[in-house]
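Asker: Sequence:
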Amino acid sequence: MISLQAYHTFGVNAGAEALIEIDTVDTLLEFIQTQPKRPFFILGGGSNVLFRQDLAATVLLNRIKGKQVIEADEDTVTICVGGGENWHELVLWTLENNWGGLENLSLIPGTVGAAPIQNIGAYGVELKDSFVGLEALELSSGEEQVFSAEDCAFGYRDSYFKREGKGKYFITQVYFNLQKHPQVNTAYGAIQEVLQAAQIEHPTVKDVSDAVVKIRSSKLPDPAVLGNGGSFFKNPEIEPALFAQLQGSHPQMPNYPGSAGKIKVPAGWLIEQCGWKGQRRGNAGCYEKQALVLVNLGGATGAEIWSLAQEIRASVQMKFGIDLEVEINVL
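Per my numbering, the sequence shown starts with residue 14, numbered consecutively.
Hints listed in this document are in silico derivations from the structure and should not be mistaken for laboratory results. A hint or two may mislead.
Simulated pairs of lysine-lysine, DSS-like, Cα-Cα distance not exceeding 30 angstroms [said to hold, decoys possible]:
| no. | residue 1 | residue 2 |
| --- | --- | --- |
| 1 | K219 | K80 |
| 2 | K227 | K80 |
| 3 | K277 | K290 |
| 4 | K227 | K277 |
Build out the structure end to end from the sequences listed, making use of the hints.
Answerer: Structure follows, in structure tokens:
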């Protein structure tokens, strides 16, 4: 077994049968052609996965690099980015060029190829807002396919690649359309507070990114110091009738507009109300600064972290009648 401990941000001790770095499409095709029936698992930055046990599979590490402009006019620029590029490094590159669209997604861990799978989002912006399309290899056939935004069927922290296409495709290139004269999105309250404190009245994309980095750094643990996978649960969207019922007993419940007339409630708030913030079970814990984040306090197993997650879900269900949906990929 090859240890996966250094290849995912939870840092639990899990193994795989083999590990192959994929840095070109040709390398990937060679694997498919020479080992067509071998079970595999695709791994990018490992920031959205929890291993409960060893994998009886070969892990394919997405390390396909490259960033280039493929089209530009007076107002916009279209870029093509390798699936193995680090997401935050891509954001920094767009900021260096003063292109707008990704600044609110600063400091999100992981790779570019994993970002569309999750439709990553933060502070009022989602990946789909700047997404043009992607190229991927269908692993059973070795055929290259192109996916439009419509093909990806993006939803809240969701896409075709988390449903029907799960585990079937290796994303090699992702395309984004960015703004040359960006109108920044500062609608999120915490961003406004940071900008006001810095006395910035006309923020640039760099200013917004700096604000997001400051906010995220204050709330979320550094995986290099404390193993974690970021937000463990999705923020639930509930029916207005249930929200009205809950608001009667919890008038301070924060809420935001959801999709299809539903109301979004912060999962972290629900978990905190159940008394989990800062609690631990063995070597697994609920982060003291953000209850939505589960952490490896040192030596935790994946099973230990998963057991804690199940306890948290059960208590939220009992107190609020809300079933929390897991955001990360649990294996």
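Asker: A separate judgement is required for each hint: does it hold in the structure or not?
Answerer: Quick rundown of the hints versus the structure:
At roughly 19 angstroms between alpha-carbon atoms, K219 and K80 fall within 30 angstroms of each other, so this suggested pair holds. For the hint linking K227 to K80, the alpha-carbon distance of about 26 angstroms falls within 30 angstroms, and the restraint holds. Using a Cα cut-off of 30 angstroms, the hinted pair K277 and K290 holds, with the two alpha carbons roughly 20 angstroms apart. Annotation: proposed proximity of K227 to K277 holds, straight-line Cα distance about 24 angstroms (limit 30 angstroms).
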